[in-house]
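Below, each chain spelled out in residue letters.
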Amino acid sequence: MNLAYRDIRHNLFRFLLTCIGLGLLLGVVLAMIGIYRGLVVDALTIARAPAVDLWVVEANTRGPFAEASRIPGDIREAIARIAGVASAGSITYQTVETEHRGGKLRLYVIGYEPTRPGGPPEISEGRAIARSHYEMVADRSSGLVLGDRIGLGRNVFSVVGLTRHQVNSGGDPAVYITLRDAQKLQFDLAPPAARVQLARGTGGASRDTVNAVVARLQPNSSPDAVAETVRQWKHLAAITQEAQELILTRSLVDRARRQIGLFTSLLLVVSAVIIALIIYTMTMEKLRQIATLKLIGAPDRTIIGMIVQQAMALGLIGFAIGATLIVVIKDYFPRRVVLEPDNVIVLGLIVFTVCLVSSGLGVRAALRVDPATALGG
Amino acid sequence: MATAVSSTPLVRVDRISKHFGEGETRVDALREVSIDVYPGQVVALLGPSGSGKTTLLNVIGCILDPSSGSMELDGEVVIENGRWLRSNLRQLRLDKIGFIFQFHNLIPFLDATDNVALVLQLAGADAAPARRRAVELLDYLEVGHRKSAMPAKLSGGEAQRVAIARALANRPRIILADEPTAALDSKRAGIVMDLLRKVAVEQEAAIIAVTHDEKIFDRFDHIFSLRDGRLDSEHDTSRAA
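Each protein sequence line maps, in turn, to chains Z and C. Sequential numbering of the first sequence, starting at 1145, is according to the numbering used here. Sequential numbering of the second sequence, starting at 1184, is according to the numbering used here.
Take these hints with a grain of salt, some might be off.
Covered, in the sense of this in silico footprint (three residues per stretch, anywhere, with C-beta under 8 Å from a C-beta of chain C), are these stretches of chain Z [unchecked claim]:
1. 1149–1163
2. 1431–1439
3. 1498–1509
Rather than coming from a laboratory, the hints here were simulated on the basis of the structure. Where a beta carbon is used, it is the ideal one built from N, C-alpha and C, also for glycine.
Based on the sequences and whatever the hints tell you, model everything.
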């Protein structure tokens, strides 16, 4: 006779309600873990999108994501000629706020040369940019759809293709336009300001400036060796892909990552305390029944089994509810929620351990009950 | 009321003492109490509050260590000079003693049948035979029609009869009852006492009940009165009858 099952069946509604409450709490913990992972993944997405091995940026900066970087656009040709470089492309990044369908829309605008590295990793719908001006590939999270026309600066762009999961570390959706359009958007002055500059005699400066040059290396080339070659030009810095990803995770999103990590840890502690309290309370409510069981001769293993099985059932059902909930609603979060199987397994193990430890408190209380308390009023 | 009494006691309590605390805080709950209860007897432990009757019941029920004295249950010496001779007292209770409580203490999440079958399964019986025996016992105690009812749905008298069935499940020869009729009206109290007597006679069991319930005093074969931890008097009502 399984006493744990019988007790749960007898108080099924209350037990399920407790499981749902615990499930919601564990769902929040899972969501926080997912947001934490999403933050890191988002930060790395843009850096990984060009699928390059080397980032060439302005000297003494860690650009183009962690710090501002400006280098002449013709550097790309010099980089492409270095031994071991297979291809190179110029690239610009800027955040733009524009209006779309009556609302504000923040976009992370990436300018690239369509035949060179730096473009979107894949087009999920529509096509890549085919014309040299005023076409755009946008991420789905921007809400833009194929055929949409949207104003950026003084020009209107048509959305010709869509990508997935291309956002910057702040969660702003990425849009890809040609390098020339991006340079105009970033560096062209508004007409009154341009006129003032012309009047001062400084308006003829070249606008062929980019934020970085990205390079793909030949299969047998060492990124560190090529980077060392680039660094011989004193006005340039070279960052390997690995170093760039480290900058993004350790520097750019580090504070937000630690903040969410700390909050997640606190939530885990709160969940552990609540689980312990629920299981302990469930046991304390049954102390008289436990005393009766002991008095009529039930061995300790029967009583321990009842408490531990109930604790495990509570943890398992609560965790299943929480995990299901988050899997179902994670796409509705404003920021990406990334749930890796290892995260879910680790949280499951934590819940299992917490339930086991918490049931230990209940078992300790149960084993201390004097069977004599079953006698008398 | 007269009962055929065997010459060998089922319960022999020999100069059992129990004290709590030491020095100035010492309380002598039992002082060299000796009683014998024979098969087929229904006996009462009477006395005012603090007289030691519940302490004595707890010692006989193997849930309280005595300070000194000896005790024999069903022919087995279980306490000698204040020391238990058995290590697994829970198994001893399961094998030899049935308990009946003031408020039935049925397990609320088991139905009447399973409350009885539980004791049998704890003793090693398989589920199906345990349930069969449980239903037989419920029928025997005339509460078989409520075999699927949960304790909360049983009346006080029905619940107490299920509790008696549970106490009888392993055919114990010693049944200890703590105020078994306190929560019942006089009619139902009489029914419960008749059932206990039936069990005592048919199963040659010894039934020891702590009670304050004056309306059932005449249902006992023997009454032990305790006062300040001592056996104050004993009265053989079966002979009086």
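Results for each hint:
no., hint, result
1, 1149–1163, "holds (count 5)"
2, 1431–1439, "holds (count 6)"
3, 1498–1509, "violated (count 0)"
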